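Enquirer: Heads up: the protein sequence lines correspond to chains A and B, in order. Everything in the first sequence is counted per this note's numbering, starting at 3 for the first residue and increasing by one. Everything in the second sequence is counted per this note's numbering, starting at 6 for the first residue and increasing by one.
In case anyone wonders, no lab produced these hints; they're calculated from the structure. None of these values were measured; they are calculated from a predicted model. Ideal Cβ placement from N, Cα and C applies to all residues, glycine included. No false leads were mixed into what you were given.
Estimated spans, in silico, between C-beta atoms of each pair:
| hint | chain 1 | residue 1 | chain 2 | residue 2 | range |
| --- | --- | --- | --- | --- | --- |
| 1 | B | 450 | A | 144 | 36 to 44 Å |
| 2 | B | 264 | A | 183 | 46 to 54 Å |
| 3 | A | 144 | B | 454 | 43 to 51 Å |
| 4 | A | 33 | B | 301 | 46 to 54 Å |
| 5 | A | 50 | B | 427 | 39 to 47 Å |
Now the stretches of chain B that chain A is said to cover, found in silico as 3 or more residues with beta-carbon under 8 Å:
| hint | stretch |
| --- | --- |
| 6 | 216-226 |
| 7 | 418-429 |
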Amino acid sequence: MTAVRQLARPVALVRRRPGTRSATSYAFISLYTALTVAFGILPALYALYLAFTDANGGFAGLANFTKVVEDFRFLPAAGHVASFLAIWLIALVLLVTVLAVVVHAVRLRWLSSSLRLIFYLPGALAGASSVLLWLFLLDPTASPVGGLLRLLGLASFIEVIVPAHLPPIFAIIAFWTGAGGWIVIMYGALNNISAEVIEAARIDGAGPMQIAWRIQLPMLRKWISYMGIMSLAAGTQLFVEPQLLSQASNAVVPNDYSLNQLAYQYAFQQNDFNGAAAISLLLLVIALALSAVFVWRGGLFETD
Amino acid sequence: MGGITRASIGAAGVLVTALALAACGGGSGGGTSTGSYGFPQVAQDDKAEITVWVDADRTGAAEAFKKAHPDVPVKVVSYDGSANGSNSFRTKMQLFDRAGSGWPDVVFSTQNNDAAWAAQKSGGKQAFAAVLSDGLVPKATLDGFTPGSLAPCTVEGKVYCLRNDLAQVVLWHNKTLLAKFGYSVPTTWEDYQALGERVAREHPGYIVGTVGDAWTPETFFWSSKCRANGITGPRSVTVQTGTPECKRAAAMLDTLIKNGTTPNISVFTPEFVKKYSGKVLVMPGPAWYAGAIFNNPQSLDVPKGQLGVAAPPAWQGDTAVTGNVGGGTWFISSHSKNLKAAATFAEFVTTADDYQVNLAPGYPAFAAAADKWVKKQESSGYYATDLQPVVKAGGEIWDGWGSGIFSQEAIWAKTMTPAIADGKSLVDLLPAWETAIKNQAKVDGYTVE
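All chains should be modelled from the sequences, with the hints used to inform the complete structure.
Expert: And the structure:
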């Protein structure tokens, strides 16, 4: 399902000004295009083919889709992903924007740059290894914050990972690993706002709060919706966090927790690649539909 | 003259090459023929290198084979043994099925339910596992395994794998502690429960078992003849968790979970070691608990001369049976180009003293090796009792619990373990467990009765 990510990315590229096409720009995008075709578009087309055929290659109509939707694991998995997304997306959009504005407002150069580095560091760890780190954090007997967990009445690993706790846990892990990169990007976007505009606002008597609310936020709108789309695409593909937690907990966290995991189960546990492809297409459709909301509300396609 | 000879040799060479290509080509059956062992096989080459997949613990087996058979070229590949629900054995073979090539010749799996899929055609492709009982492995060898130990390898009367080790559940206990507290080893589950209740009153903090691991159903419910996993055919299963056999085990565990003598903590967590080192009075568990947790410096590290083993308890008025927790299996690929060498390897690692007696950490499934293994363990002086109960339990594994494609352990882990952590009663959870098993069985194509 990296397809979603691959399809979402060109949206940002649309902002290129017309009339600057040249051999150089083609050369720059050629490698990207080749990789997108090889690892994004072709696999997506193969998934499309698989989703509408049966194991022997015959046309199957919607049979694969009805099969996966009627699977007793499908709705719970969809619910898990939805509650994870709700917590994570809201937290991401709010906190990243606020943190970026605050860091940008810090006048001390060394403090501002070290804060950015600190925010960014967790994201620099490769995805899986940063999740492994959390396995220790979540185990009250091994965790450096074990006292805090016990304070919450959680004495054992199994009590920490009961089903109701999982969406916030995954949201926290995803925020911790992913937010730093976005804060740095937002910071760059804030730098892009012309100093004259801010200066003019200040002369007109606007305080830092008013500048943030009336100048910076509206000018960040496109960036925020860009972040929303990218994160949505990544979030619907929730996989690494529950998969690792499932293995670490010897399957107490089920190995079919998220939709993507369910697709994986279909492909590699049940040897049903067609069912897996159907789930991945459903994910694609949902992610595209939700992305459309961000494009719309964020004015991503409006030209300045 | 010379020219003609060279030309004819050349022609013969081309012909041979063409034949060889025909034999190799067409992964979906072009070059295969119905072999002499009851399944379609590819052209055989006695000199071909065999590729062997083992987990970290079984590399010793492959090394021992290389030493004993230096003439057989073996390539050893290390993988995770399909352990902890990774299911990598099946995943990888399905990918090779799709690719039409790449299968290893021999595979070790830590699971004992792989025959359920490996013996079946998958997506129109030939079953991965070679039939062993139609001549590939001599009948005398198959007969040498502990009775019942090949049941997880047997599908519709044919044997598809060789068992590495048995994992029969026995009653481990700390003889020194029991004597100190004045308790005797329980022989029935009723005694066992009474012991747990006394321990809770008289020596709180000590435990008589655990329910935190995914093999709780195999340990307590299998040995209670609970029909939660009645595999009745390659694609049919009977699931009844509402029977008195299931309820008695659940009710017993409810009492013991509530009074704290069987905690909901996995024995493989630092938490368990920290809390219960020196506090395990009695513990029903598989044979491999001895090496994995009791006599392991990283785990409970019970000192020499304290650990005893007793026969699995019986329910009053019922014959004693026991459960089984894993026990690895060896498969031979039906796609192998050198079946002979593959069979030699699989026989060696499961039956030869070089590995099973001298090196193997677990109780050998091959009976002759098991006897020698037990003698060797007893002579170590570690155990406080003899090990005959382990041998006896090996033949008492209840046959009403099968080996299906789906993992009972995964189902228990995701539906029951969190619910126990929430404080729910096992007796109340039995219907939910039944539903979960049935749902999973249906997804895997089983007919549920």
